[in-house]
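Could you build all of it, start to finish, from the sequences and the hints given here?
2 protein chains.
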Amino acid sequence: MSDLDFFFKPKSIAVLGASSKPGKIGYEVLKNIIDAGYEHEIYPINISAEEILGKKTFKSILDVPNNVDLAVYALPAKYAPQTVLECGKKQVKGIVIISGGFKELKGEGIELERRTLENARQNNIRIIGPNCVGILSPKGKFDTFFQPRYAMMRPKPGNISVLTQSGTFGLSILEWLAEEDLGVAKFVSYGNKADVDEIDMLKYLENDPETEIIALYVEGLKYGRQFAELAKKISKTKPIIMLKAGRTAKGARAAHSHTGSIAGNDDVFFGAMKQSGVIVVPEIDEMLDIIKLLVLQPRPKGNRVAMVTNGVGPCVIAVDEIEMTRYLSLAELKEESIDKLKSFLPDYCVFSNPLDLTGSAQASWYGHSLEIIKADENVDIIMPFFVFQDAPLSESIEELHEIMKKINDKEKTLVCIATGGEFTETQVKRLRENQIPSVFPAKRAIEALNKVIWYSMYLQKSEE
Amino acid sequence: MSDLDFFFKPKSIAVLGASSKPGKIGYEVLKNIIDAGYEHEIYPINISAEEILGKKTFKSILDVPNNVDLAVYALPAKYAPQTVLECGKKQVKGIVIISGGFKELKGEGIELERRTLENARQNNIRIIGPNCVGILSPKGKFDTFFQPRYAMMRPKPGNISVLTQSGTFGLSILEWLAEEDLGVAKFVSYGNKADVDEIDMLKYLENDPETEIIALYVEGLKYGRQFAELAKKISKTKPIIMLKAGRTAKGARAAHSHTGSIAGNDDVFFGAMKQSGVIVVPEIDEMLDIIKLLVLQPRPKGNRVAMVTNGVGPCVIAVDEIEMTRYLSLAELKEESIDKLKSFLPDYCVFSNPLDLTGSAQASWYGHSLEIIKADENVDIIMPFFVFQDAPLSESIEELHEIMKKINDKEKTLVCIATGGEFTETQVKRLRENQIPSVFPAKRAIEALNKVIWYSMYLQKSEE
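Chains as they are written, first to last, in my numbering: chain A, 1 to 464; chain B, 1 to 464.
Treat each hint with caution, since some may be false.
Note that the list lumps identical chains together, so a pair holds whenever it fits in one copy or between two copies.
Claimed, not checked - Taking lysine-lysine pairs in the DSS-like style, the calculated list, with each CA pair at most 25 Å apart, reads:
1) K31 x K21
2) K9 x K93
3) K334 x K250
4) K11 x K238
5) K21 x K141
6) K342 x K250
7) K93 x K78
8) K429 x K250
9) K222 x K232
10) K250 x K301
11) K106 x K342
12) K342 x K24
No lab work stands behind these hints: they were computed from the structure.
Shown next as structure tokens:
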């Protein structure tokens, strides 16, 4: 039941409702499958065209001479029940229904979705959707999106799997992952989730060797208790990060018109998620920050943060923010660390946490200081703030990158804070190339760390 | 007393401690003044060099043959009291002391700062600093920064003035303003603020015709009550946005080591700020979002938000977020608006707020819908969400920009939400060129709007 490999590594794909008109969903889906470099047969199904995008078309899926593993549905909703029957005759294993016009519209749409599902079940076909953007499978070299590649970047293959009820949410997270050069294992946007849902996908991802981190956008869960039990098992080895929409009465109503979901009681839901070790976040930016930390850095072994800076203002705000979190705390540097720092730094530096190297700081000052702080047993998380704009630092920038590469030995969690224009962005990218994450403003790093530490503590407790 | 024009439009500048070594603060400051295109005489003061960066140097400021309006101090702290006396003889009006090593170091530093100030007062010299990055005056065509121009962008002239105790905070906000193509009237980073402080600057900016919006970063206020009274007067015509650091005990301690400031009781302080109409924010991103809204858009006439989208997921989260704010509410579209929308949109659209045009939406669908929503008396704030990646929209993108230009007639507040990679960023920039702000994620727009509405309500009440 939970072997859904045919969705991600299909041996052939048919596009039902392939179109020859750019801008039409049936055209864009076909074009994207071709352009992604899908390595097996693609069959466009269209009643009138002979050929689309250089591919021979077929009037019906029944006319296709070979087996079809996966079908992508881009026709109007009303043809769905009948088309599913035809797919059944063709022994199609899965259908991704991109089209809307089903349960989310209420009225007839509900019946249409029910009949479509019934026909699929009778024919042993699994369905993703309807009302979704479907699948991205970087290893399978295809996606079912109608977003042209010039308008939307795709991430490389990697270890993050994303499950989402909202296609738009999915696109946002995928483009961000692509920009951050982070890779995706499996992506599913299931919209109304008539058939394949979180439960199916979690079961599948639990045993998927490619997947190490699971990110979910949820509007409503049909089987809350089952989900919680499954999540509890999986979160022990694969962190699950969830963004839950529909937390207010009006938000729940909006979710209902969106995907026909019914959001439950929030307090009960969030309580259950916490007990299952699910990291719940309120917005997409926090989800992304947490993913970045989990992929690039070791999980912190404790909650004590040490800051080093050449411009202390934003650190003062960060101190406030650390103090206001539930789980983080400011590290108290050991006296011997302070003594060592004093032995080589000028006396106008401020020897506390944050350690203020002042605007005169050169790369080497960071180098020595970070070595000492890294060796300090009172420190779990190292958070350097960089004002790359300050001349002494910008003039020794090459040295700084060499230093940071050495500091980042994955013994302790390292997160940098930096902000600025082009020059700063270049440095942030170079840090990233060495697997060092940067976040701005500090609040974002701190909130993400706070959740990650909560998760580590959860794992520790559940081991006891 | 409050005429501080000589700081921003000096008729000549001396750099005390000008250096011929790149990377040294005394070199970078001089280079930046020259490179900014400062239009009057510049005098580098250096005991050994003959010439630096093509400018004749002088051993002492007393050797300069002409008047000196403004001096920038980049020497070690210990020379400050004596140098100020020399500036006095030369009838210098103001000194910007960039160097650290004063009160923030405690011990001798306190006495050094006291003596420096005493000498300045006796000689009728105003001081900005010490321990700061000083001044940016886009109209005066100079800055006193030691951040090279290749490493830090400067904003154009404009209507925003920025006062900050933290230089780093200042640099961050300036580069962000530059990236967003927003302009600055006066910028002052005063660090330890031995002399010129918020009170002086507020008095000055109150009557500065260039300044329409004031942004402040504050670690501690010496004259809280006086500040509150002044802010109350000014905020009636010029919005004041404040970021306050040192809100926790440890944060206050960090602020004290940073600039020697003493942060007071938070509740009392924030209460006073609210009564003075000051918009208080917790982090720099919110400050920036509010500035963007205030500069580019009319202030909302009410609190009712209408959303239009071609991908509703992020809107569902936004509904939750609106519901959780104190001042915003979801607009209830009038029945006649809904009827008009239904007359031209396909029936699979979702006719509520958010109005879901679905992934099939073309530019024209947005055009018609936004016209109707703009005319709806139940709507104060229009918030379109764009999934630019969706083919029907990306294929009609030119038309969309024409439409948005027309919609943005400054009758109602317009804020767009969009996220994505390069293609989306290009569209966001094009919207911005037409004075339309975009923010992501929606939470940021909503939090900024919430504060702006609070401010509008404050003004309304104080008029009654």
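### Task
Please work out whether the CA atoms of K93 and K78 approach to 25 Å or closer within one copy, between two copies, in both situations, or in neither?
within (21 Å within a copy, 80 Å between copies)
### Message
At most 25 Å between CA atoms: does that hold for K250 and K301 within a copy, between copies, both, or neither?
### Response
Answer is between: at 23 Å across copies they meet the 25 Å cutoff, but 40 Å inside does not.
### Query
Given a CA cutoff of 25 Å, do K11 and K238 count as a within-copy pair, a between-copy pair, both, or neither?
neither (28 Å within a copy, 65 Å between copies)
### Query
Using 25 Å as the alpha-carbon threshold, which applies to K31 and K21: within, between, both, or neither?
So K31 and K21 pass the 25 Å test inside one copy only (11 Å; across, 58 Å).
#### Entry: Intra- versus inter-copy proximity for K250 and K429 (alpha-carbon distance at most 25 Å)
Classified as neither: same-chain Cα gap 40 Å, cross-chain 32 Å, threshold 25 Å.
### Query
Between copies, within a copy, both or neither: which fits K222 and K232 at Cα up to 25 Å?
within (17 Å within a copy, 53 Å between copies)
### Task
If the cutoff is 25 Å on CA atoms, where do K21 and K141 land: within, between, both or neither? Let me know, please.
Within one copy only: 24 Å inside a chain, 54 Å across chains, cut-off 25 Å.
### Task
Can you give me the call for K342 and K250, within, between, both or neither, at a CA distance of at most 25 Å?
Cα proximity of K342 and K250: across copies only (22 Å, versus 57 Å in one copy).
#### Entry: Intra- versus inter-copy proximity for K24 and K342 (alpha-carbon distance at most 25 Å)
Intra 67 Å, inter 22 Å, cutoff 25 Å: inter-copy only.
### Query
Is it within, between, both, or neither for K106 and K342, if the alpha carbons may be no more than 25 Å apart?
between (70 Å within a copy, 16 Å between copies)
### Query
Given identical chains, is K334 near K250, meaning Cα to Cα at most 25 Å, within a copy, between copies, both, or neither?
between (52 Å within a copy, 17 Å between copies)
### Task
Give the relationship of K9 and K93 under a CA distance limit of 25 Å: within one copy only, between copies only, both, or neither.
Classified as within: same-chain Cα gap 12 Å, cross-chain 75 Å, threshold 25 Å.
Checked against the numbered hints given earlier, the structure breaks hints 4 and 8 and satisfies all the rest.
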